[in-house]
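Number of protein chains: 2
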Amino acid sequence: MDFLIIGGDAAGMSAASRAKRNMPDMNVVVLEMTRDVSYSACGMPYNIADPEREIDDLVVRQADVFREKQGINLLTGHYAEKISPQDKIVTGRTIQDKPFSFSYDKLLIATGSSPAVPDIPGISQPGVMSLKSLDDGRKLKSYLTENNVNKAVIIGMGYIALEMCEALAARGIQVDMVKPRAGLLPWMEQGMSDVIREELKSKGIGIYDGHKIEQIQKTDSGLSVICSDMELKGDMVITAVGVKPGSKIAEDAGLKLSIGNSIAVNKQMFTSDPHILAAGDCADAFHIITDQKTWIPLALRANRAGWAAADNVCGQAIELPGIAGTAVFKVFDLQAARTGFNAKEAEKSGFEPVEVTIKSRSRAHRHPGNCPVWVQITGDKKSGRLLGMQIVGKEGAAHRINAPAVALHAKMSVEQFVQTDMAYAPPFGPTWDPMLTAANQLLKKL
Amino acid sequence: MDFLIIGGDAAGMSAASRAKRNMPDMNVVVLEMTRDVSYSACGMPYNIADPEREIDDLVVRQADVFREKQGINLLTGHYAEKISPQDKIVTGRTIQDKPFSFSYDKLLIATGSSPAVPDIPGISQPGVMSLKSLDDGRKLKSYLTENNVNKAVIIGMGYIALEMCEALAARGIQVDMVKPRAGLLPWMEQGMSDVIREELKSKGIGIYDGHKIEQIQKTDSGLSVICSDMELKGDMVITAVGVKPGSKIAEDAGLKLSIGNSIAVNKQMFTSDPHILAAGDCADAFHIITDQKTWIPLALRANRAGWAAADNVCGQAIELPGIAGTAVFKVFDLQAARTGFNAKEAEKSGFEPVEVTIKSRSRAHRHPGNCPVWVQITGDKKSGRLLGMQIVGKEGAAHRINAPAVALHAKMSVEQFVQTDMAYAPPFGPTWDPMLTAANQLLKKL
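Line by line, the protein sequences are chains A and B. So the first sequence is numbered by the working numbering: it starts at 817 and just counts up by one. So the second sequence is numbered by the working numbering: it starts at 817 and just counts up by one.
Same shape as in the complex, but just chain A:
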């Protein structure tokens, strides 16, 4: 059987490896447009933070290992341009501009996502960069050194923007962040978002939310981000305003699209064409709370969906359950984590959300090193169901969030969650874990 995969990142390479493990005789071909496969994209900001580290340090497995040890026909520098579903053929061009054509029995689209490019005059000029591929990272890192960047402006304030902010600050670069919409992290509970804002301010970061960006201009000494009411200067500008799914090739092939133009897939990762699957950032998913379609591109899901796609190509009938949208990020000394819905999202999905935010402590009463932990919890007034949680703190936020994530998968009520037997020792939390305290408070309002 010919299993063709477009895209050699998390989902694509997971699928290729899994398919060869399942069926060693299968002809597995991967078309990757860049020259890099299997690298930790999420690790880029942390690598960029350290001038001593090589960017290639992020490569988890070399291309040759896939080829020689796993027998995957991995073709880098191969840009797939067109799928012909009737003929079951994919055509494209190599990096040397040579045309190619591959037929398939089953095709997996794992084209990932790409940074959304804000519609701002001057966005394409030198010194304005974004971060997605390893090559973007390479270029950005070289730029920092070669241009002796001392001051940078980041457009956007999402996870990647915040991680890049920290990375640049670690290199002694002064950073201003700017975006048109007011609110640092609008999905986050206001008080907790303010905690993060204070953390950024305390590290000397300029936070300018609610400023319409009109253009990026070249100046004598660098670049200037001109807003309707102010101007921010820097040696470079990084845009990090979110990502969009790499679904154009699927759309052109007549495949059904879904939320945010992601590729619509069923629980077995099949698209609207029975011979074509999609997995990773380019594809949609079902939400664990509602079983409705959602699009939340995250790395674990990409790996998991790649596996599931391969299993289904190999004749198993694997259904992936939904996703909870569990995510975590670091902002200087703070950890911020979320899972499930906030009140606004819950309301949109037809729930009657009630939420509570509490401030607890990371360690037991008077334990040395104690610091605040904030927990926001959302439940449904009608059913009593747990709908989501957010945690912010200097310690214990990142790994705590997995507990409510599991509870969402189990469709637990707040009442059930509040009775779960959590760990306690003085160095790691109060007797009542902050998550339980939040749930206890919420229970009173349900």
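Hints listed in this document are in silico derivations from the structure and should not be mistaken for laboratory results. These numbers come from a predicted model, not from an experiment. Keep in mind that a hint or two might mislead.
[Unchecked claim] Computed cross-link-like contacts, DSS-like style, restricted to lysine-lysine with a CA-CA straight-line distance of at most 27 Å:
1. A:Lys1260 to B:Lys1260
2. A:Lys955 to B:Lys1083
3. A:Lys1227 to B:Lys1083
4. B:Lys1227 to A:Lys1198
5. B:Lys885 to A:Lys1083
6. A:Lys955 to A:Lys1083
Starting from the known structure of chain A, arrange chain B on it as the hints suggest.
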């Protein structure tokens, strides 16, 4: 209504506070034999570690607050000696040896647990101490200073023994640990137990497991713990060989006892007498996995059971679900956590356990600060059910354990657990959380 409570620690004071909140007019009387209530017993080792901290620092709420602000008739120095269930009367003696007698409509026994005293000649002499009450902590802390302790022997290697070991080492005291049974932490997977052993050795702690202790002798310079095949000298000896439930008063009253002589209670915390409840370390519980009786004295359960007891006394019909035995402790730079059953316990409960142990990393590929994380996972071959997990590592073990704990409450299968949407960011773990990697490995064997 007269609600009488024996014991003013976690369960007793939780119950008293909750009862007064539920029904402000209720006459709530608490008989506490010591002069301390509402203190963090688990925090004692960490307090002892620091000569500068006052032991009274561990008191979370002063007795007067309970009396004046909450209207609880809190009587310290009141030792309850006897319950007369027919007359619904409790009698006893105060610290000044004055007899007292209280009648009740409902009685809560919250007598906690006390350190098991090993049967070793010489165990009662000065300089041999154990740790349970705040007064024990007070005495131990004074002893360290007044006797200029430089070397200590700890009998036992459980949580408290290990925490005390770290506390003494923090004060520059050289520590040897000894116990008759071989194996540092016999419930823990061997390889992970060895990781903890190495950590202790690297901190200069002497670990002597599998040495029968014959007697403790006074010497010219201090004390000597004499084993059948060796001798350990110290300025003091601490025994920490586990705890036993404070169930004598219940036994004498004819109440039904349970595992390890704990007081048998139903899910509403009622004992075999319909007017008497029990909660906290003195009472048993149902295990979440089997719904069978178990006795695992832990602080969160004590608080929760105190609340539930009060709610039931106040006429609500609150049933507590089972416990998972989720626990965590710190050993120098290591965190160790567990929930549910290990293979041996699972087998005893009629399961066909399969287990896997993996070594993963605390952070993403090549992320700075990366260190090993070990995860042991147990599942049932017959049903595919998740039965338990253990995690050891320098970071991320303590809070991760709550996720499988929640999964145990939800009676998840390993297959369901493996699909849960966990958080990922490079500073906090690999893309596949170590718990998921362990579950993936286990799935292959189920």
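Evaluation of the provided hints:
| no. | hint | verdict |
| --- | --- | --- |
| 1 | A:Lys1260 to B:Lys1260 | violated, 43 Å |
| 2 | A:Lys955 to B:Lys1083 | violated, 63 Å |
| 3 | A:Lys1227 to B:Lys1083 | holds, 23 Å |
| 4 | B:Lys1227 to A:Lys1198 | holds, 24 Å |
| 5 | B:Lys885 to A:Lys1083 | violated, 57 Å |
| 6 | A:Lys955 to A:Lys1083 | violated, 38 Å |
Of the hints listed earlier, those the structure fails to meet are numbers 1, 2, 5, 6, in rising order.
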